[in-house]
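There are 2 protein chains.
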Amino acid sequence: MEIRITRTRNPKKKPDENSLVFGHDFTDHMFIMNYTQGEGWHDPRVEPYGPLQLDPSTMVFHYAQETFEGLKAYKTDSGDIQLFRAKDNAARLNQSNERMCIPTLDEEDVIQAIATLVKVDQDWIPKAEGTSLYIRPFVIATDPFVGVKASSTYLFMIILSPVGAYYKEGISPVKIYVEDKYVRAVPGGIGFAKTGGNYAASLMAQVEAGKKGYSQVLWLDGIERKYVEEVGTSNVFCRVGNKIYTPPLQGSILSGITRDSAIKLLRSWDIEVIEERFTIEQLFEWHRKGELQEVFATGTAAVISPIGALSWQDNEITINNNEIGQLSQRLYNSITKIQNGQLEDSFSWITSI
Amino acid sequence: MEIRITRTRNPKKKPDENSLVFGHDFTDHMFIMNYTQGEGWHDPRVEPYGPLQLDPSTMVFHYAQETFEGLKAYKTDSGDIQLFRAKDNAARLNQSNERMCIPTLDEEDVIQAIATLVKVDQDWIPKAEGTSLYIRPFVIATDPFVGVKASSTYLFMIILSPVGAYYKEGISPVKIYVEDKYVRAVPGGIGFAKTGGNYAASLMAQVEAGKKGYSQVLWLDGIERKYVEEVGTSNVFCRVGNKIYTPPLQGSILSGITRDSAIKLLRSWDIEVIEERFTIEQLFEWHRKGELQEVFATGTAAVISPIGALSWQDNEITINNNEIGQLSQRLYNSITKIQNGQLEDSFSWITSI
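Top line first, the protein sequences correspond to chains P and H.
Position in the first sequence (first residue = 1) + 6 = the numbering used here.
Position in the second sequence (first residue = 1) + 6 = the numbering used here.
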């Protein structure tokens, strides 16, 4: 794919690396490619970062036909730039696209587009401890038409945001509210796709949990309302004795790439990982019996979030004395060190660009 | 509310009234109002219809925090302009907004905004048989921020589209596929809200049904996959003997305004309407016993869509010889005649402007 590059004449002032906020600052350029029925994906280009002009009838505003991804680029101590699991993100973008009736992209082209844009804006990759360049590829439906159908035109775009450590004081345990009123997703729905509707559907529970003093919600399955599914927009793991439990991917759960990284690392350390459904009652029972050693969530933004407290139906339990668990910490250290080049990439997760 | 009006200097050529397509043409003006946290909704204005300028990080592109409504304006034979059930649409917009964590609007302001915009573009209201001016109010989240939270800024907009009769040859029965693989919504989710995510989630089933030769799908409940819920984006009714069955509103079903109009009209005709859950098996059983006289869907776009055939797990049944049922026709005639002023508005559904 030949990508046309138009450089900005007005580069922005870069934010201070030590006070970066997640998702607020964007770099000097963006990648755009168009899709038109018949013509396919075409006109890949890097342009100065700037606003989109869209007709108010544009379908994405009305029917949310949209998908996205999230990944990060890092600058190693030797100055190399590396992407973490870009191939997996490109593959997942296409899984989301298929579910949402959006034409799939050539996955090599997606990686090339990311690499090209990151290289153009490489001076924006922050170097301070815990920082990285967050990469947001996304697709939106652009037909100017008010009626429910799959759009015949789309934009695929990539924007970049220098981000700080998700938790400024390093990773620290969060308090989670077990949601038993609202439902995020069910089998047969769109829960496994990275599409706006899932996130919009989750806002109310997040807001209500926030008012009660919790950082996030733990989602139960939408059918029986008892099986543990996700935490906020992250996957969830429990350490019970020396075994790790995590819910299996069964259509309603996002196939987290950090989830997969955690599973592969844990297994490489000879720790048993059991991908089986378990109930919230079971989780509380593990705690009652003193077997629940760690609970943590995995996601691109925070990598590993230890869960220090869980509230369910007026019962609140404290996990691991509200301290970071040993495995949570080990996973966090290993993943971030592979990401920034301080640890060997023995799983071939890195794309050097 | 004081609405600032800026008129276009370049009015567009109006499309031919007799070949209008649904949702393709838009009028000369649009309504916009901004929301900013702290300041609330402000700066209501009518402007020349034109593109929005939005940062690529705008939240609606990523997290689908968006709501919309659909209603119609009609010109009566005497030249009056009337809106159909505008108050109910304004109320439902707020129900959707609440579920999606979008600040609610003053419902009187919404009606005033619609009335003002329709009056500015009143020459666009088509007069041919079966035509109307479709009104699309919608709200989108506009924070330039890549992170999952409720936005702190929004746009409320209204656009107008002159539309033809949904079915060019009058109402004619459609073939429907009973969907048993994909799920649209479950209790605890967002199914009752008019928000993009529900429509995006429905596309795949619609596309697959289309490939099999069906116009739309009939959705079953997402929990037991047996109760009848909706047809496409419409509510569904069955006439069994002289009784009418329709699924009750239990969180996963959109509270259709045409649904409510149909129920109120039927009851005013002394026809029993039973809002109770029924299974797809029950529906096929009614057919087997020769009791299923009519099945029809209700929605703003088509008003009444008779269903002529239903396919479920390799069984296809033909309903009422694939002809329009007597009650379907009577409802269609009554609702459209109230809408265009040819029948008395005994339910106070009309807002004259």
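Simulated from the structure, these hints should not be mistaken for lab results.
Some hints could be false.
For chains that are exact copies, the list does not tell them apart, and a pair is met inside one copy or across any two.
Stated by the list, open to error - Derived DSBU-like pairs: lysine-lysine, alpha-carbon spacing no greater than 35 Å straight-line:
#1 K125 - K249
#2 K187 - K155
#3 K18 - K232
#4 K295 - K93
#5 K125 - K295
#6 K19 - K187
#7 K18 - K270
#8 K187 - K20
#9 K125 - K232
#10 K155 - K217
#11 K81 - K295
#12 K155 - K181
#13 K295 - K18
#14 K125 - K181
#15 K125 - K155
#16 K20 - K249
#17 K18 - K181
#18 K155 - K270
#19 K218 - K125
#20 K133 - K295
#21 K81 - K155
#22 K155 - K343
#23 K187 - K343
Here's how the hints hold up against the structure:
| no. | hint | in the structure |
| --- | --- | --- |
| 1 | K125 - K249 | neither (42 Å within a copy, 68 Å between copies) |
| 2 | K187 - K155 | both (31 Å within a copy, 19 Å between copies) |
| 3 | K18 - K232 | neither (49 Å within a copy, 57 Å between copies) |
| 4 | K295 - K93 | neither (42 Å within a copy, 56 Å between copies) |
| 5 | K125 - K295 | neither (52 Å within a copy, 70 Å between copies) |
| 6 | K19 - K187 | neither (45 Å within a copy, 51 Å between copies) |
| 7 | K18 - K270 | neither (40 Å within a copy, 60 Å between copies) |
| 8 | K187 - K20 | neither (43 Å within a copy, 49 Å between copies) |
| 9 | K125 - K232 | neither (46 Å within a copy, 53 Å between copies) |
| 10 | K155 - K217 | between (38 Å within a copy, 13 Å between copies) |
| 11 | K81 - K295 | neither (45 Å within a copy, 72 Å between copies) |
| 12 | K155 - K181 | between (41 Å within a copy, 17 Å between copies) |
| 13 | K295 - K18 | neither (56 Å within a copy, 73 Å between copies) |
| 14 | K125 - K181 | neither (39 Å within a copy, 53 Å between copies) |
| 15 | K125 - K155 | between (37 Å within a copy, 30 Å between copies) |
| 16 | K20 - K249 | neither (45 Å within a copy, 69 Å between copies) |
| 17 | K18 - K181 | neither (38 Å within a copy, 56 Å between copies) |
| 18 | K155 - K270 | between (40 Å within a copy, 31 Å between copies) |
| 19 | K218 - K125 | neither (44 Å within a copy, 46 Å between copies) |
| 20 | K133 - K295 | neither (44 Å within a copy, 74 Å between copies) |
| 21 | K81 - K155 | between (43 Å within a copy, 29 Å between copies) |
| 22 | K155 - K343 | between (45 Å within a copy, 29 Å between copies) |
| 23 | K187 - K343 | neither (39 Å within a copy, 42 Å between copies) |
The structure fails to meet hints 1, 3, 4, 5, 6, 7, 8, 9, 11, 13, 14, 16, 17, 19, 20 and 23 from the earlier list, while all remaining hints are met.
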